[in-house]
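One-letter residues, chain by chain:
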Amino acid sequence: MNYPFWDVPLLGGGLVIALIAIPHVFVSHFAIGGGIFLAWTEHVALRDGKPYLRDFAKRNSLFFVLITLVFGAVTGVGIWFSIGLVHPPATSTLIHNFVFAWAIEWVFFLVEIAAALLYYYSWERVDRKTHQIIGWAYAGAAWISLFVINGILSFMLTPGAWLETGSFWSAFFNPSCLPSLLIRTCVCFALAGLYALFMASREAPGTNHDALVQYASKWLLPAFIGLPIFGAWFIATIPALARDMFQGAAAPVTIFAVMSIGISLVIFVFAYLIAYRNPQSVTIPVALIFLVLGLSVTGVTEWAREAVRKPYVIYDYMYSNAVLKRDVETLRGTGLLSVAKWATVSEVTPDNQVEAGREVFTLQCASCHTVDGYNNIRLLTKGWSKQFISQQIRHLNQLKSFMPPFAGNDAEREALAAWLATLNPQPDSTAGGAR
Amino acid sequence: MNPAIIPSLDPIPLPAPVWLLQVLSGLTFVLHVIPMNLVLGGGILAVVLAWLGRRSERAEYTRLAGHIATVLPVAIALTITMGVPPLLFLQVLYGPLFYTSSVLMAWPWLSVIGLLLVGYYGHYYFSLKKGNEGHPPIWVGFFASLAFLLIGFIYSNNMTLMIEPEKFGPMYREKMHGFMLNLGDPMLWPRYLHFLVGAIAVSALLVMVIGLVYRKESRYSAWAIQFGGLTFVVTTIVQFAVGIWQLLALRRPVMLLFLGQDMAATLVFGAAFLLALVAMVLILVAALGKKPMGMTIAGIIAIAVTIILMTVMRAIIRDAYLGRNFVVSEQQVAPQWLVVAIFLVLLVGGLVLVGWMIHAVVTKRGLAEKG
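Chains R and F, in that order, give the protein sequences.
Each residue of the first sequence is one higher than the one before, starting from 1 at the first, in the working numbering.
Each residue of the second sequence is one higher than the one before, starting from 1 at the first, in the working numbering.
These aren't lab readings, by the way, just hints derived from the structure by calculation.
Bear in mind that the values here come from a model prediction, so they are computed numbers and not experimental data.
Do not take every clue at face value.
Said to hold, decoys possible - Using 25 Å as the maximum straight-line C-alpha spacing, the simulated SDA-like pairs for lysine to any residue come out as follows:
| no. | chain 1 | residue 1 | chain 2 | residue 2 |
| --- | --- | --- | --- | --- |
| 1 | F | 130 | R | 71 |
| 2 | F | 129 | R | 66 |
| 3 | R | 129 | F | 352 |
| 4 | F | 364 | R | 123 |
| 5 | F | 130 | R | 401 |
| 6 | F | 130 | R | 61 |
| 7 | R | 341 | F | 175 |
| 8 | F | 129 | R | 123 |
| 9 | R | 58 | R | 9 |
| 10 | F | 291 | F | 218 |
| 11 | F | 175 | R | 83 |
| 12 | F | 129 | R | 55 |
| 13 | R | 382 | R | 401 |
| 14 | F | 175 | R | 382 |
| 15 | F | 364 | R | 136 |
| 16 | R | 341 | F | 329 |
| 17 | R | 218 | R | 289 |
| 18 | F | 175 | R | 376 |
| 19 | R | 400 | R | 244 |
| 20 | R | 341 | F | 304 |
| 21 | R | 58 | F | 218 |
| 22 | F | 129 | R | 203 |
| 23 | R | 58 | F | 314 |
| 24 | F | 175 | R | 378 |
Bound-form chain F, shown alone (with noise of 0.2 Å):
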């Protein structure tokens, strides 16, 4: 393997301790790959469900795509700014690498902007307009989801190649014109797929709460209930074997981590694989039984944890392929106390303003009596 070439670290220390800026970055990432999730996969399922409705004329089919298309705005608009965050909190913990690998593919990185611009329009487009019969513009839809796709992919692309820096100077030395993919990495097919069969079971249970939500019309209800769930069940199904596909196409020695050379690691990666057999099995009798709704939300529990633990493995997997490459805990710290400590408190105040806005709006009780 080649020496790697890694930008020396900023001569100013970071503002909090590592451990705080982790917690901090995990946090938001799962905060920010739910919405994600519903975002990529809600817009394949309802782009699906609009072409079969349209082709099969069941209006049910065209009426979820409606129900789903609904979402993707806020949807989107939540997993840009809790995108925002992690993406902070990455470069203050891993510049270096996270800026090197950037620039390698820079411009495929800087299209993001101009495809998360036609995503986002178009699935308002999507979400807003209705075409003859009351069926959504679909192509628009499709593009949409496309340049979501996309931008999933260039994704997994950079945050692959940030933690193999060995590659950085072949690859600069080769061409420096700011194109360069990640392309012929094992890791990189399994890893893109894992997250797009997770965001359309994500998306799934989506429709399983659009199902619980109408359940005043009991057909259309108890329709989209086993919709959800069985595309649930089925694409976890598909994501076990993605799973081992991802864990195979790991190096030898990281994948070992997970096998038991790690107890922690082990763990983790233990919990997470039971618990989304557990979810699976949940969800199974919430689509077949006679009263979804408890099993329907301890489904979704189990995979929130689920995602929180793999939240942890692949900071295990990142710091476990950086090796001494890049430790990223050994770098001087200089805590800003105050300024993090004004954070957390209007962090705090923020989200008790939001839920009590939210409040307002969806219970449709504000500060006067109906005026």
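Only chain R is shown next, with the shape it has when bound in the complex (with noise of 0.2 Å):
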């Protein structure tokens, strides 16, 4: 209401977002993982005198860092610029909660490509102690990148006593923040590992080759013993209603759900059978398997983690439509057009009804919904009378849990109705009944 809408057809805003987001968290978690990956690796090689493994850490740092610092970085601005676009309201209210965390985390962003950079560079420049603490600050700095974002993250679904006090300190360190930090932390290692086990794969055939397999897929361990542990700790920390959403109360959810912990089971049993007890046959195509699996298990993964949060954005406090939940009541009595600024309307009149109704759904419902694409309203309510859409719409969230509940006014709430109606006509109820 406060903002312009960007009216993105077919695919709606969540899904921009979702397509630069799941790309970025697959690469981020890796790259948070690669850092530690590349550090042990040189550490064990000095340590245990394994030069293949230093070689083998050293030839792939520069892949490494054309993909992290450079993919990584921009599609981690191409986040901001998308939630800016899509929720300009929930971009403000955790800029105005956490831009000094953001700052926190810059600087860590900051000694992480710096380090990152200086390390791909530095391989036969430095002493070989110097060059350790370089891949330690690269490493140390990119999780600690990650221990912030991830309190900002977490905020968004459990901000727990942040709402009463609307202190900082509660909202980073909110109910769900340690669990998420190490289910994430697990995640990282294990999508090291699968890297590493593609990097392995592509080394000339011999007992280098199936020692790397082996290194590479010991790095697994980690999610399969952490992953189930954080997991449920992870969903004691959630609220009811998310909870229920996983648990079967929206299917898409529940499904996803399943399948997160379906894929991540096959990663790792595949990864014992095949990486660990039979090196020699990871083949490059094996382990792009692997990492298409572990693409897979991110995108469904974030995509249930963003859903559970229906019907908020930010838990309790604004829903995804952008409607603070405290303003619900007063929307009812004042109505959500005479506020909104940039509706064309400003109130349902006899003459205007579908076309401030066209503007209601923008206001309410085209966050989530498009018209012909993404969350299908005209599928959705096809078949329904005016009365009966306006009836679902009075009740929305008993309905449908996940659904907030109409903030306007009686007029509006006809007037959306009306225009829904509009988009799937039926014969008997309208004069031209044409299907």
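Build the complex from these two chains, which are given one at a time in their own frames, with help from the hints.
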């Protein structure tokens, strides 16, 4: 209501964010795990006198830099661009709470970028101890930047005491902050392992290839042990409604959650049976399948994590459609068109009812629904009469717990119903009645 | 003029006083603009030099193109990294304006991300790949540079649109497809050209520095210093013309602020103008004289201070355009002092760590004896 609306036909804004965020999450977790992987691998190589391990780390550091620094950094900025376009009010809320957390994250990002570039450029330029320190500076800074951003992300699902206190610290150290951090850390290790598996698969067949594949597969172990434990802890900290959605209240979410667990299991079983037990069989295509599975599990998990936050964008504070929870009652009295800055009509009249309904849709529904594409409202209301639609809207949040309550007056609800009814003309209800 | 539609302020107060956020925003903006100039102008110079080198078979052109190109990936990394905080502070201070103008040009604005990937990978390839006879892949460099030229243009559009909220309502009403740019604005082209010409001038200073770094190879060094110096002088002369155009393109009351109506604004403008002149003279002497080192450094310092002053002018223009529509200092503040302090301490610590790592790598002196 406060901001103009960016209408993304067919996709909807949410999918635009997802298309940028999912590759970013995949690459950035791998960047963090990869930093730890490189530093630790170099350490092991020196400690155990395994020069092939050091060569392996060295050979792959350019590709690593090209993927993480370029793609990771740019898509990270891309998420920021996209959330600002799709959801300015939520972005503004986060920025106002966390601008200095982001500034702190930026400091570590700066260290991370500098250390990664220097690490890549200085394999033979500095002594090994210094090179190791640069590697650990990279890994440490990358992980701390995860620590910071995780506080902000988990806040959106479990703002906890912030709702009462408004304090930065209760927002940051929110209930799901720690389990989320542990889950993400496990994922970092696992993705680093998958990536290293791919790198190892490119080695010439032989003992080094097999040793490297086995070494890489061990990096999946922390996730195998940690994810079930921290996952259960995470589920215990999230709001009851979100938990219900995981457990069947919203079928797509449940399916995605099951897929997340299922694909993870497949990865772990394959990693053990193929990579650890039969390392010679890990060729490039096999390793690529692992990576694709890794990307898939990232996609479904992030999607499910985002979806369980519905009907909120910031839990118990702001609904997905940017209406503040505390404003719903007021808006039911005053109406929403009268306070909507960008609407073309400011109140419903008999002459403008359908046009007003279209505006109400933009304000209340279009954050999640498109007309003809993703979350297709034309199909979702097919076969519904105007009266039935109006009745549904009246009890929206009771009918579907993941939808926000309608925040407008009776005339606006009728207008919305009238406009929605025009999307699927019914033979018996309108004069034209064409189908 | 239409009454401006501006979204209401966020109900959550600002986490630090406006002055502090403005200082941090301006400071980090300067640190963003300097590497940004090297990316934009350096890319163009490198492509032109590589092309000249291939056409004329003069090896020093190709060589200089290669030397500039090596700087590009690091400069891009720095530009992005240093671009984060000014964008952060811009959003917290001017969110209602910035988000709105961004939504109006949503698609071009989002395309910045794609263009950035093209430009970034392109310049990596341009700098690492050597084709036949050591020539870099000119077309790749060309398209990467084009990507950065477009990014700059989109930024100029957004930054000029966000300070004219009177346009928001009509633009949104006319079409809400998110493809609007600010093309009709008299400020747009001179502002964009100002950045572009400045970028080439700053990159010309990089060429001089490259000449100084290779001073043991006296012919190449002298040529690079002269080439860089003269490029700087010529582009700075052009810049004076563009600067006057930019001044004239401002709304009259805002222009007059810099011409005597506001003491501080006039002083800043005068000082920037004079310093640019001084820099030009210093660089000219460096390019034509026998001992270029001192003069080049002095010229670079003069330009750095000029950039700081221009950043201040930019802020003056922004607030003057917004006028009573949006008074940035009239926002509620509830400072998170502890978080601010942690940020500042970590920033200093982080910079020390980065400084140490760079020192260790550049001097090849780390912790242990060379091993």
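Here is what the structure says about each hint:
| no. | hint | in the structure |
| --- | --- | --- |
| 1 | F:130 <-> R:71 | holds, 23 Å |
| 2 | F:129 <-> R:66 | holds, 14 Å |
| 3 | R:129 <-> F:352 | holds, 19 Å |
| 4 | F:364 <-> R:123 | holds, 11 Å |
| 5 | F:130 <-> R:401 | violated, 60 Å |
| 6 | F:130 <-> R:61 | holds, 20 Å |
| 7 | R:341 <-> F:175 | holds, 16 Å |
| 8 | F:129 <-> R:123 | holds, 20 Å |
| 9 | R:58 <-> R:9 | violated, 46 Å |
| 10 | F:291 <-> F:218 | holds, 12 Å |
| 11 | F:175 <-> R:83 | holds, 21 Å |
| 12 | F:129 <-> R:55 | holds, 22 Å |
| 13 | R:382 <-> R:401 | holds, 21 Å |
| 14 | F:175 <-> R:382 | violated, 28 Å |
| 15 | F:364 <-> R:136 | holds, 18 Å |
| 16 | R:341 <-> F:329 | holds, 23 Å |
| 17 | R:218 <-> R:289 | holds, 18 Å |
| 18 | F:175 <-> R:376 | holds, 23 Å |
| 19 | R:400 <-> R:244 | holds, 12 Å |
| 20 | R:341 <-> F:304 | violated, 43 Å |
| 21 | R:58 <-> F:218 | violated, 36 Å |
| 22 | F:129 <-> R:203 | holds, 23 Å |
| 23 | R:58 <-> F:314 | violated, 45 Å |
| 24 | F:175 <-> R:378 | holds, 23 Å |
The structure fails to meet hints 5, 9, 14, 20, 21 and 23 from the earlier list, while all remaining hints are met.
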